[in-house]
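Undergrad: Here's the letter readout for the chains.
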Amino acid sequence: MSLRSPLGRVLGMGSAKDGTGHWWAQRVSAVALVPLTLWFLYSLLVLPALDYGTVKAWLALPISSFLAALSVAVLTHHSYLGTTVVVEDYVHAAGLKVATLLLLRFLYVIFGGAGIFAILRVAFGP
Amino acid sequence: MPVRARPLSPHLDVYRWQISNTLSILHRVTGVALSLGIVALVYWLMALAGGEDSYDAAMGVFTGGFGLTVLVGWAFAFFYHLLNGVRHLFWDAGYGFERSQRHASGWIAVLGALVLTIGVCVWVWLGAHP
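Which chain is which? The protein sequence lines are P and U, in order. Residue 272 in this note's numbering sits at position 82 of the first sequence, with consecutive numbering throughout. Residue 143 in this note's numbering sits at position 27 of the second sequence, with consecutive numbering throughout.
Isolated chain P, as found in the complex (with noise of 0.2 Å):
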């Protein structure tokens, strides 16, 4: 006999409510990471200097920003569920916890959105 709801087995979300919904976002990124990081290190390998004319030249490529922004926001979802696990994990007190995951969140969007922001600014900028 299973205690479970007809309505929450057709779900089937679980006790946390989303399912395999934050496993499988962590794989998707992590999927889509693996070209986009090995795609950024390999073109500032390449790059005949790392001087600021030659690395502002590349980055304003329409391709290059595109790919750039791309990045900075799959990276910085990726590691916000990474690390919301780690906070998950070890931080027990309820109210810490909380504190804590509502501060990297706002970090997360703060940084994803300054670094794309960035590459905007190096893409369309002066």
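Just to be clear, a hint being listed does not mean it is correct.
[Said to hold, decoys possible] With a Cα cut of at most 20 Å, we get these calculated SDA-like pairs of lysine to any residue: (1) P:Lys207 x P:Glu278; (2) P:Lys246 x U:Glu168; (3) P:Lys207 x P:Asp279; (4) P:Lys246 x P:Phe256; (5) P:Lys246 x U:Thr179; (6) P:Lys246 x U:Asp172; (7) P:Lys207 x P:Ser195; (8) P:Lys207 x P:Gly272; (9) P:Lys246 x U:Met162; (10) P:Lys246 x U:Ser170; (11) P:Lys246 x U:Gly176; (12) P:Lys246 x U:Val240; (13) P:Lys246 x P:His267; (14) P:Lys287 x U:Val148; (15) P:Lys246 x U:Val177; (16) P:Lys246 x P:Ala304; (17) P:Lys246 x U:Tyr159; (18) P:Lys287 x U:Arg144; (19) P:Lys246 x U:Gly243; (20) P:Lys287 x P:Ala206; (21) P:Lys287 x P:Val299; (22) P:Lys246 x U:Trp160; (23) P:Lys246 x U:Val188; (24) P:Lys246 x U:Ala244; (25) P:Lys207 x P:Val221; (26) P:Lys246 x U:Arg144; (27) P:Lys246 x U:Ala174; (28) P:Lys246 x U:Met175; (29) P:Lys207 x P:Thr274; (30) P:Lys207 x P:Val288; (31) P:Lys246 x U:Asp169; (32) P:Lys246 x U:Phe178; (33) P:Lys246 x U:Gly166; (34) P:Lys246 x U:Ala173; (35) P:Lys246 x U:Leu157.
[To be verified] Facing chain U, from chain P, some residues (calculated, C-beta under 7 Å): (36) Ala220; (37) Ser269; (38) Gly272; (39) Thr273; (40) Phe301.
No wet-lab data here; the hints were simulated from the structure. Note that the structure is predicted; figures quoted are calculated from it, not measured. Even for Gly, the Cβ is constructed at its ideal location relative to N, Cα and C.
With the hints as your guide, set chain U onto chain P.
TA: Structure of chain U alone, referenced to chain P:
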């Protein structure tokens, strides 16, 4: 009523340290380290957007002794997290669970990360000292 000594699991005092749990912990540690690296990445991007002066100042930080040391650490963390992450994705797909496969893939992740880190260091060094 007699109290039976129930088995405790995992019993951390007698838990034998092995490659599986070491690499699992290392995956999490490198993940947290790389998350901190986002701060450096965004600082670098903001410095680039800010103009030549701020970019040169940022590059001064990254090419200093402390900056280079941390960058080498992040390079290893990146390659290890990448290789071990792919290892996890294979597990998620249902492959590579045999003991021999687990150990082999674990060593590939560690040694591969070391080789790639050294490779990138040599590549950058040769680029800076032609």
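Undergrad: What are the numbers of the hints that this structure violates, sorted from low to high?
TA: Checked against the structure, the hints that fail are numbers 13, 23, 25 and 26, while the rest are satisfied.
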